[in-house]
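Produce the entire structure from the sequences given, and follow the hints as far as they go.
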Amino acid sequence: MSPVWYAAGIGVRRGWTELRQTFTTGQDVFGYVLWTVLLIVPLFLVRDDPMKGAGISAGAFMLPSMLGMTLAFTGMMTTAQLLATEREDGTLLRAKAVPHGMVGHLVGKIIMVSGTALVSMALPFAVGVLLVDGVAQQGGGALLTLVWVVPLGLLATLPMGAVIGSLVGSPRTVGLLMLPVMGLVVISGIYFPLSKLPEWLQTVGQIFPVYWLGLGLRSALLPADAVAAEMGESWRHLETGGVLGAWAVAGLLLAPSVLRRMARRESGAAMAERHRKAMQRVG
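Going letter by letter, the sequence shown gives residues 1 to 283 in UniProt numbering.
Check the hints yourself; a few may be wrong.
Said to hold, decoys possible - With a straight-line Cα cutoff of 25 Å, these simulated SDA-like cross-link-like pairs (lysine to any residue) come out:
no. : residue 1 : residue 2
1   : K52       : W148
2   : K52       : A263
3   : K96       : L254
4   : K52       : L130
5   : K96       : L252
6   : K52       : L254
7   : K52       : Q206
8   : K96       : K52
9   : K52       : P198
10  : K52       : P180
11  : K96       : E230
12  : K52       : P171
13  : K96       : W5
14  : K52       : R236
15  : K52       : Q202
16  : K196      : G175
17  : K196      : M231
18  : K196      : V186
19  : K52       : R260
20  : K196      : S234
21  : K52       : M231
22  : K96       : L19
23  : K196      : P171
24  : K196      : S2
25  : K52       : L179
26  : K196      : A54
27  : K96       : L123
28  : K96       : Q202
29  : K196      : E239
30  : K196      : K96
31  : K96       : W235
32  : K52       : P193
33  : K96       : P171
34  : K196      : P180
35  : K96       : A54
36  : K52       : S195
37  : K196      : W235
Hints were generated in silico from the structure; no laboratory data involved.
This is the structure we're talking about:
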């Protein structure tokens with residue numbers, strides 16, 4: 001076995017270990033529960049409100065949309081936060097000191113973040129289907145759609161999260177990025193159909209993967225008649241695959257070079273300088 005594949009195998013085992021740890025850590029479990037509550041509360045409030053012309057309730061429209069948003073944000077923002085944090089505390093520097101350590105480290109993070117994203121989707125989905133009628137009743141066709149939408153969504157967001165985490169100066173900067181991210185939610189058709197927005201906002205919303213993940217999950221989990229609420233009254237599977245695929249390709253091409261450049265810049269002196277500046281802010 002080549003050293004790179006050996007390092008990747010260690011990364012897989014490390015990822016599973018970190019995933020098990022997060023499910024047994026009280027603070028992390030509370031975070032999953034809190035996120036579920038934050039999604040379910042607005043869903044509960046509108047669960048029976050009819051959506052004009054679509055034959056479904058507003059709650060039924062929102063549930064798969066929120067799941068798509070969760071997948072996108074967990075894949076992108078959690079990856080960015082973890083990389084920025086581990087660069088600051090020296091974890092990446094230690095990984096760099098081991099032969100092919102960065103490979104194993106990043107594979108472990110992919111396993112861990114992917115598992116976290118799926119759990120973050122599964123909890124609100126399990127609660128949501130009990131509150132909202134007309135969701136997840138489509139049989140095998142829905143499962144086939146989920147099989148390609150969910151992995152492609154992760155491929156579209158995880159590498160871009162790695163790029164963001166490599167470029168930002170600190171974990172606090174990643175936190176500030178949540179402000180524009182919340183603005184993106186508004187124009188991504190999460191809480192109401194994108195067709196209700198001005199055309200220029202529709203165009204902007206369709207550039208990013210959040211809208212397409214929501215659309216793909218709605219196509220899998222909602223009745224066929226619900227397509228009346230979508231733009232062009234179509235689920236646009238080809239466009240969904242194309243846009244998510246484009247984001248995945250761009251991320252996979254960009255992330256390795258950005259990560260290598262970040263790793264080359266890491267040193268004990270650089271970490272000490274970050275620590276010094278952090279202590280100055282505290283003081």
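> Which earlier hints can't be squared with this structure?
Replying inline: Per hint list: 1, 2, 6, 8, 10, 11, 12, 16, 19, 23, 24, 25, 27, 28, 30, 31 and 35 violated.
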